[in-house]
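**Q** Sequence:
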Amino acid sequence: MKLPNHWQSFIKIFQKKFNSEIVSDSIRVFQDEEAIKERFTTHQFETYLPYYIPVADDSGGHVAVISRNDEDKKVYLTSYGTLEEKYFKILDRDLLHWMQRKFPFDNEDKHENELTAEQQASFESENKRLLEQVGQFPSLLNFWNQTYSIENFCLPENFPVVDQLLAFQDGYAFNTVASKSLIGEKEGDFKESWLVIASNYFADPFFIDFNDSEENFPVYFAFHGAGKWKPIKVADNIDTFQNVLRTIFELRYDKNGLLSLLTELSISGNDFWDEVYQNVLEMPEMAEDEQNEMISESDWQEAEVYITDIGPNKMKIVSLLKAKYRLSGAEALQMSKEARILYHKGPKKWIHSCVQELENLGAQVAIVIQ
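Reading the sequence shown from the start, the letters are residues 1 to 370 in the numbering used here.
Hints listed in this document are in silico derivations from the structure and should not be mistaken for laboratory results. Just so you know, nobody snuck in bad clues.
With beta-carbon atoms standing in for the labels, derived distance ranges:
#1 179 <-> 249: 37 to 47 Å
#2 210 <-> 278: 26 to 36 Å
#3 224 <-> 246: 21 to 31 Å
#4 329 <-> 360: 15 to 25 Å
#5 46 <-> 139: 40 to 50 Å
#6 139 <-> 274: 19 to 29 Å
#7 32 <-> 278: 26 to 36 Å
#8 326 <-> 47: 18 to 28 Å
#9 59 <-> 360: 46 to 56 Å
#10 44 <-> 18: 23 to 33 Å
#11 127 <-> 185: 17 to 27 Å
Simulated crosslink set (DSSO-like; lysine-lysine; CA at most 30 Å straight-line):
#12 128 <-> 314
#13 324 <-> 337
#14 345 <-> 74
#15 228 <-> 180
#16 128 <-> 233
#17 74 <-> 128
#18 2 <-> 37
#19 348 <-> 16
#20 228 <-> 16
#21 74 <-> 89
#22 17 <-> 102
#23 2 <-> 322
#24 322 <-> 12
#25 74 <-> 337
#26 17 <-> 348
#27 337 <-> 86
Each residue gets a CB set at the ideal place from its N, CA and C atoms; glycine is no exception.
Please work from the sequences and hints to get the whole structure.
**A** The structure is reproduced here in C-alpha cells:
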C-alpha cells in the first residue's frame, strides 16, 4: 500500500508532539502502515472506498479518511457503516491543520476554518510563486535534499515538504486559524522577505532572508513565543549551516567532540549556540565502545529516499516505479509527475545502492533520516 506523501509529512510531526495514539480523549490516530492496512482490510475499504485510507477513528464508529491521491489533501468524516463518498463530510482542508485544531470529529467549525474556493486558489498561487522563487537558488534546494534531524539540542528536527513550502510558513508569516497575515515592517515583526527553512522541537524557526541571496543566505534563528522576533545569526551561509549540522549529526554521541566544536561556535556570545552548548553539557558521557554501539544502532534508523526530479531518463524511472509499487503503466506515469516521490523506506545502512541506482539514471534524490 502506497501511503500519500501528505500523510507521511503529518505523521512525522504527530509522533514528535504526541506520546500516545489516543488524542483528545477518544480519537485514535493510526501511526503506521500496518495499523492503516488492518482497518482498510477489516472494514473492506478495497470494496467500498478503494481510493481512500482511514487515518483515525473515535469510539462511536466514526472514521476520518483521506484520499490516496496527493492532489487531494482534505480530511473527510464518515463512519465504518457508511463507507460511501456521497456521505462524506469535510473535517478539514489537510491533516496538519486538523491536528492544529486538536482533531475535532465534527465540522462545526468548517465555515470558520476551511478556506473558500477563492482563498484556496490564492494560497495555491502564492505557493507556486514561492516555489518558483526558491527554484532560482540551488543552495536552498540542496539544503532540503540532505537534511539532518537532530534531537534534544534545540537544533532542526522538522523540515518542509518542498512542494508544500508555503504551508510550512504557517504560524510565522501567517496564521490560518485566524486567517491573517503576521508580516509587518516594525521591529520584532516577521518580515516579508524571510523564509522558514526548518524548525526545532519547540517550533522555533530557522530562516533565511531573500534579500541576502548574494551572500548565499546567512541562516537565522529566533525563539518562538517571545512576543517579538529577534533574529540570531547562526551561520554565515546556508552551506556552512548544513555542514555544521552534518558534523554535529556525526558527533551526536561524542560529548567531548561536540563540546570542542560548539566552543568555537558559542565563544562569541551567540545565544543560540550557547543554548546548544548547554544542552550538550547535560549529555551523559559515553565510552568509545558505547559510542560505536550507538552509531551501529543508528545504521538501523529508518531512512526514506525521495525522488525530487526524475531527470532525463523518464521512462526508466517510470518502469522502476511500476515494478516497485506494482502499478499499471498509466498509474506509474501519473506517479512520476509528483513533485516528491517516496521511492524507498528502510534502514539507513541499506539505502546507498538505491540512491546510486536513481542517480545513475540522472534522477535527483532527497534522503530523510528518521
